[in-house]
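Novice: Here the protein sequences come in this chain order: A and B.
Just so we're aligned, residue 1 is where the first sequence starts under this note's numbering, counting upward by one.
Just so we're aligned, residue 114 is where the second sequence starts under this note's numbering, counting upward by one.
Derived from the structure by calculation, the hints contain no laboratory data.
If you're wondering where the values come from, they're calculated on a predicted model, not measured in any experiment.
The beta carbon of each residue, even a glycine, is placed where N, CA and C say it ideally should be.
Be a bit skeptical, because a hint or two may be false.
[What the hints assert, rightly or not] Here are some of the chain B residues that sit facing chain A, going by a computed Cβ distance under 10 Å:
{"no.": "1", "residue": "F146"}
{"no.": "2", "residue": "L158"}
{"no.": "3", "residue": "E171"}
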Amino acid sequence: GNSVTQMEGPVTLSEEAFLTINCTYTATGYPSLFWYVQYPGEGLQLLLKATKADDKGSNKGFEATYRKETTSFHLEKGSVQVSDSAVYFCALSSGGSNYKLTFGKGTLLTVNP
Amino acid sequence: SAVISQKPSRDICQRGTSLTIQCQVDSQVTMMFWYRQQPGQSLTLIATANQGSEATYESGFVIDKFPISRPNLTFSTLTVSNMSPEDSSIYLCSVDPGTGAAGELFFGEGSRLTVL
């Protein structure tokens, strides 16, 4: 079956530090990959996505590249801000059921000024 | 985009009781979903709520435990029946906005249930 493994948190960084949150996956077929973010007091929202190998998703300064050879989709940002403090979820969908997302456990990021 | 409101946002419940969670969307959507996030675990899809028909449940989830209603295209409820401490979780309502974009779901803030 499908599964997503992302790095355990919490992650605490200082403002302007470099961020990497690792995500690897196991899936049948050719999954689409996603990063969702949940800011305090809000619902999950899509941050970025990639639908095929070597695609790079990007949004709000965050990037992630779909690496089929390493089954990875690591989230990166060159310079984090306090406002990036949130829980980040890696997810995938496959098998034609676009709504049936398989999620990782989430990584709590705290950015200090 | 879609704005999703869930009620209650949190509750503390007694063992053996049932609680109904409401999900209201600010636009008409065809597909609504209910997810569960147990402590320290990832989100798991409970069921798909279809308007005008029975909900479709995922493996490990049954209608008697998690009855769902979907009376119209903007509203759904999930009931957690005969609760036990193992049901302590965050329950999330989600919708497919119908843009055709794979995997792009909108989520409510979640309902955090604690069962004593």
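Novice: Are there hints from earlier that the structure breaks, and if so, what are their numbers?
Specialist: Nothing - there is no hint that the structure violates, so all of them hold.
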